[in-house]
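> Input sequences plus hints: build the corresponding full structure.
Here is how the chains run, residue by residue.
There are 6 protein chains.
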Amino acid sequence: MFSHNKRLQYSVHVNECNPALANLMLEQFGGPQGELAAAMRYFTQALAEEDPGRKDMLLDIATEELSHLEVIGTIVAMLNRGAKGELAEGVAQEAELFRSLQGAGNDSHVTQVLYGGGPALINSGGQLWTAGYVDSIGEPTCDLRSNIAAEARAKIVYERLINVTTDPGVRDALGFLMTREVSHQKSFEKALYAIEPNFPPGKLPPVKPFDKVYVNTSQGEGDMRGPWNSDEHFTYVDDREAQRAMGDGQGDASVKMTQAQSRAVEAMAQRTASDPDSDPTTGADLGSAQGKSNGR
Amino acid sequence: MFSHNKRLQYSVHVNECNPALANLMLEQFGGPQGELAAAMRYFTQALAEEDPGRKDMLLDIATEELSHLEVIGTIVAMLNRGAKGELAEGVAQEAELFRSLQGAGNDSHVTQVLYGGGPALINSGGQLWTAGYVDSIGEPTCDLRSNIAAEARAKIVYERLINVTTDPGVRDALGFLMTREVSHQKSFEKALYAIEPNFPPGKLPPVKPFDKVYVNTSQGEGDMRGPWNSDEHFTYVDDREAQRAMGDGQGDASVKMTQAQSRAVEAMAQRTASDPDSDPTTGADLGSAQGKSNGR
Amino acid sequence: MFSHNKRLQYSVHVNECNPALANLMLEQFGGPQGELAAAMRYFTQALAEEDPGRKDMLLDIATEELSHLEVIGTIVAMLNRGAKGELAEGVAQEAELFRSLQGAGNDSHVTQVLYGGGPALINSGGQLWTAGYVDSIGEPTCDLRSNIAAEARAKIVYERLINVTTDPGVRDALGFLMTREVSHQKSFEKALYAIEPNFPPGKLPPVKPFDKVYVNTSQGEGDMRGPWNSDEHFTYVDDREAQRAMGDGQGDASVKMTQAQSRAVEAMAQRTASDPDSDPTTGADLGSAQGKSNGR
Amino acid sequence: MFSHNKRLQYSVHVNECNPALANLMLEQFGGPQGELAAAMRYFTQALAEEDPGRKDMLLDIATEELSHLEVIGTIVAMLNRGAKGELAEGVAQEAELFRSLQGAGNDSHVTQVLYGGGPALINSGGQLWTAGYVDSIGEPTCDLRSNIAAEARAKIVYERLINVTTDPGVRDALGFLMTREVSHQKSFEKALYAIEPNFPPGKLPPVKPFDKVYVNTSQGEGDMRGPWNSDEHFTYVDDREAQRAMGDGQGDASVKMTQAQSRAVEAMAQRTASDPDSDPTTGADLGSAQGKSNGR
Amino acid sequence: MFSHNKRLQYSVHVNECNPALANLMLEQFGGPQGELAAAMRYFTQALAEEDPGRKDMLLDIATEELSHLEVIGTIVAMLNRGAKGELAEGVAQEAELFRSLQGAGNDSHVTQVLYGGGPALINSGGQLWTAGYVDSIGEPTCDLRSNIAAEARAKIVYERLINVTTDPGVRDALGFLMTREVSHQKSFEKALYAIEPNFPPGKLPPVKPFDKVYVNTSQGEGDMRGPWNSDEHFTYVDDREAQRAMGDGQGDASVKMTQAQSRAVEAMAQRTASDPDSDPTTGADLGSAQGKSNGR
Amino acid sequence: MFSHNKRLQYSVHVNECNPALANLMLEQFGGPQGELAAAMRYFTQALAEEDPGRKDMLLDIATEELSHLEVIGTIVAMLNRGAKGELAEGVAQEAELFRSLQGAGNDSHVTQVLYGGGPALINSGGQLWTAGYVDSIGEPTCDLRSNIAAEARAKIVYERLINVTTDPGVRDALGFLMTREVSHQKSFEKALYAIEPNFPPGKLPPVKPFDKVYVNTSQGEGDMRGPWNSDEHFTYVDDREAQRAMGDGQGDASVKMTQAQSRAVEAMAQRTASDPDSDPTTGADLGSAQGKSNGR
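First to last, the protein sequences are chains A, B, C, D, E and F.
Under this note's numbering, the letters of the first sequence match residues 1 to 296, in that order.
Under this note's numbering, the letters of the second sequence match residues 1 to 296, in that order.
Under this note's numbering, the letters of the third sequence match residues 1 to 296, in that order.
Under this note's numbering, the letters of the fourth sequence match residues 1 to 296, in that order.
Under this note's numbering, the letters of the fifth sequence match residues 1 to 296, in that order.
Under this note's numbering, the letters of the sixth sequence match residues 1 to 296, in that order.
These are calculated hints, taken from the structure and not from any lab test.
Treat the hints with caution; some may be incorrect.
Claimed, not checked - The list that follows gives simulated cross-link-like pairs (lysine to any residue, SDA-like), each with its CA atoms no further than 25 Å apart:
{"hint": "1", "chain 1": "D", "residue 1": "212", "chain 2": "B", "residue 2": "279"}
{"hint": "2", "chain 1": "F", "residue 1": "6", "chain 2": "A", "residue 2": "222"}
{"hint": "3", "chain 1": "D", "residue 1": "256", "chain 2": "C", "residue 2": "93"}
In this text, all values refer to a predicted model and were calculated from it rather than measured experimentally.
Structure, rendered in structure tokens:
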């Protein structure tokens with residue numbers, strides 16, 4: 001069960017209202033690399049986890065991410081606080097409010113007009129948060145790798161936000177949030193490697209020899225060799241013909257159908273058959289200058 | 001530039017039409033862990049990549065994933081081929097077609113009625129593919145980790161599909177596809193560790209001491225210690241008070257506003273102030289049996 | 001800041017695994033009337049709230065909804081626990097696993113194959129959760145009404161779920177969750193009416209006389225009068241002509257354009273003008289039996 | 001059946017083209033609080049409604065909302081009319097057109113480039129309209145509350161749009177639209193309270209005593225009491241322990257499984273067990289400066 | 001302005017309740033080829049249309065599509081009417097209600113549990129309607145082609161629904177709806193060809209010679225010639241080399257950057273450079289049996 | 001199977017970095033009329049196509065569209081290349097980076113902060129690509145019409161982009177891409193008319209006489225006649241009464257229910273019946289000044 005204390009995990013002291021900056025911050029509130037996505041990723045994993053240690057860790061970090069959602073949402077609320085009041089109370093002239101909406105930039109007009117200055121579960125471009133951002137699949141050796149990657153991405157988005165922020169209070173809080181992602185990544189790494197073996201994930205073994213094949217599908221100037229396709233670890237398949245129809249078949253497709261099915265498919269094929277020997281007048285012919293004289 | 005050869009990368013020989021199985025296969029065609037998501041993840045990364053080796057590798061693997069999209073889509077098409085013809089041509093009685101739609105199960109009715117038996121960019125539950133599944137952010141040390149995780153997830157979904165498939169031809173092709181994910185994961189791992197250092201990602205250093213703190217936010221029976229929160233690598237913060245207001249502040253939030261902003265916020269607060277000392281009759285009171293006598 | 005205790009707010013004792021029932025329960029986990037939507041609605045409101053009483057209440061209820069998310073998610077996890085293990089470990093024959101996936105019904109195949117039996121942020125039909133479900137707009141007299149409505153809807157979806165559930169442990173927990181929605185609705189009602197006046201919401205007064213007009217736009221057998229359009233409270237506009245061009249205008253639209261704009265619009269109109277006096281042969285004519293002889 | 005008359009319900013006389021203002025107006029065309037959402041909310045309710053009076057009212061108001069969709073869409077079309085022609089006909093220099101697109105602000109570039117200046121079913125930030133905005137659930141005592149809340153929200157978004165608009169013709173039409181929302185809210189209120197009782201919604205009674213409990217989940221400085229949690233109407237549960245495991249249980253979760261299920265779950269747990277006593281070298285160790293010397 | 005008459009455009013007499021059939025019908029209510037998509041496609045086009053004839057036609061057909069939305073929605077409501085009552089009132093045993101939900105099939109459980117038996121703006125698989133289905137772009141020679149295609153698609157989905165329906169009243173109404181799509185297609189065809197010329201759409205002429213080139217990008221067994229790539233109308237480019245770098249360039253990409261930009265890009269490239277000559281130990285190595293001995 | 005060559009289909013030489021222009025280009029990368037939508041439309045059609053000629057053509061064009069995706073994506077990458085480096089490396093002052101983000105306009109801030117300057121599968125407004133843009137339904141006479149329309153739309157969006165671009169290298173590449181759409185439209189036209197007959201699509205004949213009826217649903221000043229509703233081809237139904245209840249019925253709706261169903265529906269109707277003769281005090285009454293004195 002969750003409980004809440006009104007003190008934030010980290011203090012937020014903003015130097016001045018700035019709706020455009022507020023809007024950039026939404027990236028980590030309702031964006032794909034943001035705190036709701038993080039909290040929900042770990043929380044949903046925790047619910048179905050059988051391993052007591054991982055379950056505990058996932059609950060710890062999910063709960064902390066909710067607290068980060070609160071911190072970043074509070075930053076948004078503070079940066080928008082002035083604009084919120086001014087638009088709601090209509091204290092300024094309309095022209096001035098319009099200019100201020102326009103001048104702020106960065107889609108912050110949506111945040112003002114639709115959400116009234118409150119933090120909304122959108123990214124900095126106004127895209128609604130979707131559970132498609134959560135990639136948990138219920139296999140720990142995958143989910144931990146997903147979590148490691150997610151923490152790395154979140155670290156970078158915070159880094160970019162710090163790079164465009166001058167407000168010292170906002171920078172300070174962003175630095176805390178960015179750092180916690182580093183710490184969480186470390187925990188998830190430890191948890192992944194505490195499972196042995198963890199590669200390949202799952203139970204079914206790979207089918208030989210395809211697990212050691214590297215297919216050079218993109219060719220031309222710029223082809224490179226490196227550890228990711230080195231002869232030491234991979235069979236490098238360069239020949240176009242050898243890349244096709246790997247395995248025993250001819251690269252073809254077939255399905256056995258019942259007689260009734262075959263007849264129905266054949267009927268459909270006949271009904272919609274194209275005549276390759278025709279030269280039909282077309283709608284485009286009708287619609288073009290030349291076509292019109294032909295077609296009518 | 002892409003080119004195409006009509007031979008598949010791997011042959012597809014399906015034993016019998018089975019729309020319900022076809023529908024499960026859509027998970028890897030238009031689902032979040034499927035081949036379109038994979039191809040687009042690597043392709044979009046490749047376009048902005050500066051490192052020639054990684055760019056080549058990303059193009060190689062993206063192109064191969066497109067070929068996998070073709071293989072899994074061909075499996076779907078074969079499994080649906082009979083049903084496609086029968087519904088299009090209306091060869092059976094309506095009642096029979098209805099029963100066959102219903103009996104197939106697994107949402108395959110959508111695939112028949114809406115998509116006419118063709119493979120659609122939906123997952124096995126009918127959810128439209130969305131670019132929210134692609135998590136590239138343009139920083140190689142993150143994107144490679146995302147790719148590693150994505151390959152691991154795809155391997156598992158193929159494994160689950162194999163576990164529920166009896167058709168030997170489908171199992172054979174799924175085995176190939178599953179195995180290629182293992183191989184791709186290896187390449188991405190090599191590429192990640194060929195960057196040194198790659199942790200923490202990005203340039204900004206973490207803020208001390210928060211990168212080594214583990215916050216035990218979830219407490220009670222089930223608390224565990226392990227390498228992910230061990231004293232050797234982390235400062236374990238157990239005390240509720242110490243978890244709050246980390247850093248120098250009080251866990252509070254503030255923003256400096258102009259006088260005009262303060263006045264507007266104050267006006268809004270007054271207009272919408274709630275009276276904590278009131279005991280108002282409410283709509284719910286009006287609407288309930290007891291409330292009605294009170295409220296009217 | 002949030003913290004977590006490993007005891008649930010309400011115990012969950014499930015009588016037997018039932019993936020189809022699990023899937024129905026997702027409606028209140030990742031569906032539009034579910035607990036995540038509730039928690040996020042109140043939490044985002046709380047962050048920008050200026051009134052201390054309402055802010056406290058919103059945080060209280062948001063936090064409780066997160067605990068409800070945990071309870072309903074735990075129900076899902078318990079109902080899916082057996083299927084999760086069996087598919088992951090592939091312990092049964094493929095045909096048996098396929099039949100069990102199919103037989104369960106209710107889209108539960110997605111939950112198994114994609115999410116591995118874990119609770120996912122989808123509704124019972126597999127639709128990904130979207131922040132479009134959250135309707136907060138940052139004006140308390142609106143948001144409280146939205147919350148009242150949301151609690152009423154959630155109560156009913158729980159009632160329906162209880163009506164289709166036989167497992168006594170699940171019913172018991174659902175009864176608790178349903179009841180809490182009633183209690184929350186009461187609190188939001190009290191909070192709304194503790195603001196005086198709260199109707200009409202906002203500051204701008206309605207434009208007379210349109211606030212007391214009822215337009216009978218749907219006519220014919222079935223027209224009814226009642227308190228919602230009674231003469232006591234409304235001017236009932238029945239006449240079709242009087243319904244149009246309310247106000248002083250003619251029901252027309254215009255915009256003043258610069259000369260350059262007018263010329264550009266005129267040019268576009270001319271380029272794409274349709275000739276009402278023509279009788280053109282069309283693509284459909286070409287494509288139909290009769291048309292072909294005409295068109296070619 | 002619907003019919004249409006070419007006169008608008010309210011005249012639209014726009015003073016000058018203004019693509020940025022047009023874009024703000026989209027909020028009420030294709031946004032969550034806009035007219036399509038309103039029309040569809042009431043229309044879908046009407047179709048399944050059994051009560052003749054409510055069915056009539058829902059059809060009346062749904063039809064009027066469609067007419068409002070036409071009014072607000074016409075405002076968008078008028079404001080964009082000049083830009084539409086200029087871009088379509090390419091009458092200006094490219095640099096001038098680019099500057100004009102950029103200068104307009106507010107995402108109006110999408111409206112120009114993608115939609116050609118026509119009103120699109122997006123909100124002012126470009127987010128596609130989704131049926132997730134419609135919250136009808138088929139229980140009148142809920143749906144009427146949803147409608148009341150929706151009208152209140154729409155009133156406020158119109159108020160905000162008026163606050164940022166200087167064009168007198170646009171303001172005039174917005175004032176009409178805003179006012180009609182007030183009138184509709186009144187009708188829905190009357191219709192809700194014409195059902196007796198209407199609280200709690202539905203048939204199943206709440207489970208005692210949980211309907212009168214208020215859980216103080218958020219604690220600390222800022223805790224408040226008010227009518228929403230007053231002792232007169234609620235049992236105020238302040239103690240953290242008493243908040244957990246409400247009811248008879250221990251706050252734990254369980255499910256009875258068959259032996260086969262238990263064995264499969266156990267196998268999965270073993271395969272993915274983490275070793276809490278290990279201190280594994282991790283990918284992060286390999287990737288960091290210090291780790292590299294350890295790990296290789 | 002819209003008005004409404006309570007008589008339907010076409011009568012709906014359903015023979016028996018059938019929630020599974022109801023659910024299939026949703027495909028044309030809230031699906032991509034359904035009536036809401038049609039109505040909104042034509043209505044949004046009409047609002048910005050400059051040609052009086054087309055504007056009139058678009059309004060006529062948009063309004064009729066709204067009436068079709070009413071007809072198909074009424075079919076859904078009738079087919080669900082019994083189930084709606086039974087679940088709402090809980091008149092049967094839970095087990096019976098659960099079986100009836102499960103037995104109905106076709107995702108109809110969502111329609112019952114979430115939407116209470118009312119028609120919802122989802123397709124037959126539960127996917128929420130999205131404005132992404134509307135493809136209007138504000139150029140009549142395109143939009144009319146889009147409308148022609150949309151009518152053709154809608155005709156086929158109705159045909160498929162008729163093919164699986166035995167209820168004579170439902171078939172009768174579906175036949176009417178299907179036929180009206182044919183009629184609308186004819187009108188749109190006439191309107192397209194009443195614009196002369198209408199091909200190529202827009203103003204900018206194609207760049208010679210690329211408008212007459214056919215690129216045989218997919219090669220191998222199955223290559224075909226036909227009117228779509230015949231020498232009479234196209235230059236058929238078969239040679240792989242000739243397919244690349246069409247035009248004067250080398251198929252390469254470049255951008256001129258300022259010195260500061262070049263330096264920044266170079267710094268990023270260096271920071272994230274991969275060493276192609278390394279053979280790093282990876283996370284996968286650590287995680288696999290063999291790797292563990294190497295890596296630790 | 002796909003393969004790739006590192007030379008582009010058309011060279012991309014960009015004159016200077018321009019993130020705002022980059023963002024506009026995203027419209028054809030991840031927008032509804034863009035190259036991914038095109039490639040996926042044709043590719044999914046090809047997989048289920050039975051006609052060998054069309055299958056070949058669809059694969060040819062799908063593959064070329066992937067190459068166009070590469071060209072437009074490369075344009076985006078080049079235009080963003082400088083900004084990518086500067087933000088990633090943080091080489092400028094924060095204030096300068098913030099100003100540069102803000103000044104660029106056009107939502108390009110999302111592309112920088114979230115996607116790091118890489119091309120993302122979003123449109124120019126940040127809307128995530130969705131498979132809802134793909135309208136294939138598996139009937140060739142429909143899908144070809146959809147393809148024709150899609151090519152026409154794509155041609156126009158390229159035309160608009162050219163109209164706002166001054167960079168000669170970008171204009172040159174856009175001209176090539178625009179022209180290829182014209183060529184593809186021609187091929188699809190030829191393929192459609194090579195099927196005879198192709199109108200009406202599908203097998204079921206229209207129901208007489210409704211295929212030749214034009215319903216004048218929108219009336220008033222502006223009514224027009226033209227070939228789309230001319231007496232020569234259509235029966236023009238002008239009379240409002242004749243527009244309703246077409247066919248033999250009364251425009252009413254009915255369903256036969258079992259006794260149990262009728263009783264349940266009746267119970268629901270009674271429980272939620274509204275009293276048309278009441279004049280209830282409402283929540284709005286309570287909340288308004290006047291209401292408060294009445295209601296309490």
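> Now, for every hint given, state plainly whether the structure supports it.
Now for the hints, and whether the structure bears them out:
1. At most 25 Å may separate the alpha-carbon atoms for a hinted pair to count; residue 212 (chain D) and residue 279 (chain B) meet this at roughly 16 Å.
2. At roughly 7 Å between alpha-carbon atoms, residue 6 (chain F) and residue 222 (chain A) fall within 25 Å of each other, so this suggested pair holds.
3. Annotation: proposed proximity of residue 256 (chain D) to residue 93 (chain C) holds, straight-line Cα distance about 23 Å (limit 25 Å).
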